[in-house]
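Generate the whole structure from the sequences, applying the supplied hints.
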Amino acid sequence: MSSTTPRIPTRSAVRPAAGRDPDRKRTRLSPGRVLAWVVMIVILAITLFPFYWMLRTALSSNSALYANSQSLLPVDLSWGGFERVFGLQSTEEAIAQGGSGASIDFWRYLLNSVAVATGITACQVFFSAMAAYAFSRLRWAGRNQVFSVFLLSLMVPQIFTLLPNFLLIRELGLIDTLVGIMLPSLFMTPFAIFFLRQFFMNVSTEVEEAALIDGASKVRVFFVLIIPLSVGPIATISILTYITAWNDYFWPLMVSYTDESRVLTVALGNFNEQTPQTGPDWAGLMAATLVAALPMLLLFMAFAKRVVSSIGFSGIK
Amino acid sequence: MSDSPATATVAPARSSAAPRRRRRDDRRLALIFLLPATIGLVVFYFWPLVRGIALSFTSWDILTPAQFIGLENYARMVADPVFWNAVRVTLLYVIINIGIQTVVALIIAVLMQRLSQSTLLRSLVLAPYLVSNVVAALVFFWILDFQLGIGNQLLAWLGLDRIGFFTSEAWVIPTIALINVWRHMGYTALLIFAGLQTIPHSVYEAAKVDGASEVRTFFSVTVPLLRPILGLVLIISVIGSFQVFDTVAVTTNGGPVDASRVLQLYIYDNAFAQFDFGYASALSVALLLVLVAVTFVQYRITRAGQTDLD
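Just so you know, the sequences run in chain order W and D. If you count the first sequence from 1, position 98 lands on 98 in this note's numbering, and the numbers rise without skipping. If you count the second sequence from 1, position 139 lands on 1139 in this note's numbering, and the numbers rise without skipping.
If you are wondering where the hints come from, they were derived from the structure by calculation, not from laboratory data. Be a bit skeptical, because a hint or two may be false.
Claimed, not checked - Below, a list of computed lysine to any residue pairs in the SDA-like style, where the Cα atoms sit at most 20 Å apart:
hint, chain 1, residue 1, chain 2, residue 2
1, D, K1208, W, R33
2, D, K1208, D, Q1113
3, W, K305, D, L1121
4, D, K1208, W, L299
5, D, K1208, D, L1111
6, W, K305, W, T47
7, D, K1208, D, F1219
8, D, K1208, W, G32
9, W, K305, D, L1126
10, W, K305, D, L1124
11, W, K305, W, A235
12, D, K1208, W, A36
13, W, K305, W, R220
14, D, K1208, W, P31
15, W, K305, D, Q1197
16, W, K305, D, S1116
17, W, K305, D, Y1129
18, D, K1208, D, V1223
19, W, K305, D, T1119
20, W, K305, W, P31
21, W, K305, W, L225
22, W, K305, D, F1219
23, W, K305, W, V291
24, W, K305, D, L1115
25, W, K305, D, L1120
Here it is, written out as structure tokens:
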């Protein structure tokens, strides 16, 4: 009885608010709101313009670019840039169109990048998930202390581990190999462990106990219960790991010396340095950057919703 | 070991045998499950840390065995004008990069919260984060090209002088800093946006009832309540931006003269161009110390660990 009495005035207070539609419309059209949208659109334009410019330049013919650099549309539409990237042009043709004429084994680099990113993602996420399981669902003495040691390694900046890791990879005879590029990030990152542990802790204990009573082992619980129930977070961390591995430049640059192990980012840097006498092959270079960026953009598009909504979680918690 | 007496007191004699056994089983299983991660931690995080510090006290060119030379590398570092220039340039980069990035990201985050929470909008803003530093560097290298770049064309249209973004000593660091603002502002904005979501709606309503304007609400409600999250975001991005390398290596390689020779590039040069691993290690120790100090100071100033919401 006493709880319904205050509810009535609340309702009546809500009613006029909902009925204040014209008023709300006025707020929507207020100068402040218009200004806010203008700012947002300007920011979006700055954010997206370089992507358009990559495409516009890649579709231009290189010689025409020098004559007409202001055009907002592709100048003298041509697939030449892409053909040079994929090695579909003869050397003479490439040089005539402003390419460096240096042979580029694009498919090789692409394959190397795919191999490195896939290897790192598969191993790192799986091993990190195992560790996260040990930290969240298994009971053992010293669990929290060991976990904080792992967290502490988040503080070690990458630059500091790079030189000694390079020496280690060299001593293992893995310089200029794909394994050498992958090895340091293969086993875990503190972040992935931390991220997955949060989710594993939330899996209901009742389901787990039911499985245990049915005679399932804890190993089985991990594989048939925890992993399937955490597909979402595992997919998210996998995509983030894949993007990071794909985009890494410094470490592969240190480790790889020949086409054997050259990944796309390093090849792109090299491609840039092979400037022909006539000036940079901008059309070819932009075609190459676009092709290098495209797989990640597509991957992201497929999972945008999931990744975008979990970034806040990963950053703050 | 330490928890077994505690277990005995907390858990009554009920059925002490069964859980005990399960607990012991877990310990062995945990060991197995932690094995790969522990290998990674020890071999690729802790051992390099120890080794890097040890190397900084030696003279080593990889070919001949390392020689212990005490603090000589550090003495050389203190007297090295290129090192101090690198420190200055790196700090300048960090200040410009973080300053602008934080302000822009905050604006984007607030706009996203107030205007539209659509996933599409958030995804578009995040797009630059998906490309590598190398791609970002190359695109802007082209856009800001002195003769043909659309950026300089725009300046010409506006009747302004063309700018040698990568060839002028004054412009090169701001330019590189802004390229990385472009790449990271969406990601930072999303982190801040997530922080905004944790501020209860009732606080804003109260401010509205009190007649506070949007701007006033932002400065006296949003910013103070966001402080702990803003603090964490700042620490993360400052640590990241101190390690700038890719953009510089791809565009200017330290030039013109040493105007963009950031610490990380100087470390790389010493190790892989001069094969002076001892000195390069000493430089990394210096960078590590700077990072630890900056993080500590930031943590204290922003009181990142505390919240006002409770």
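Outcome of the hint check:
no.	hint	result
1	D:K1208 with W:R33	16 Å, holds
2	D:K1208 with D:Q1113	16 Å, holds
3	W:K305 with D:L1121	11 Å, holds
4	D:K1208 with W:L299	42 Å, violated
5	D:K1208 with D:L1111	18 Å, holds
6	W:K305 with W:T47	19 Å, holds
7	D:K1208 with D:F1219	14 Å, holds
8	D:K1208 with W:G32	16 Å, holds
9	W:K305 with D:L1126	11 Å, holds
10	W:K305 with D:L1124	11 Å, holds
11	W:K305 with W:A235	12 Å, holds
12	D:K1208 with W:A36	19 Å, holds
13	W:K305 with W:R220	31 Å, violated
14	D:K1208 with W:P31	18 Å, holds
15	W:K305 with D:Q1197	17 Å, holds
16	W:K305 with D:S1116	15 Å, holds
17	W:K305 with D:Y1129	15 Å, holds
18	D:K1208 with D:V1223	16 Å, holds
19	W:K305 with D:T1119	6 Å, holds
20	W:K305 with W:P31	31 Å, violated
21	W:K305 with W:L225	25 Å, violated
22	W:K305 with D:F1219	31 Å, violated
23	W:K305 with W:V291	23 Å, violated
24	W:K305 with D:L1115	18 Å, holds
25	W:K305 with D:L1120	8 Å, holds
Hint compliance for this structure: hints 4, 13, 20, 21, 22 and 23 are broken, all remaining hints hold.
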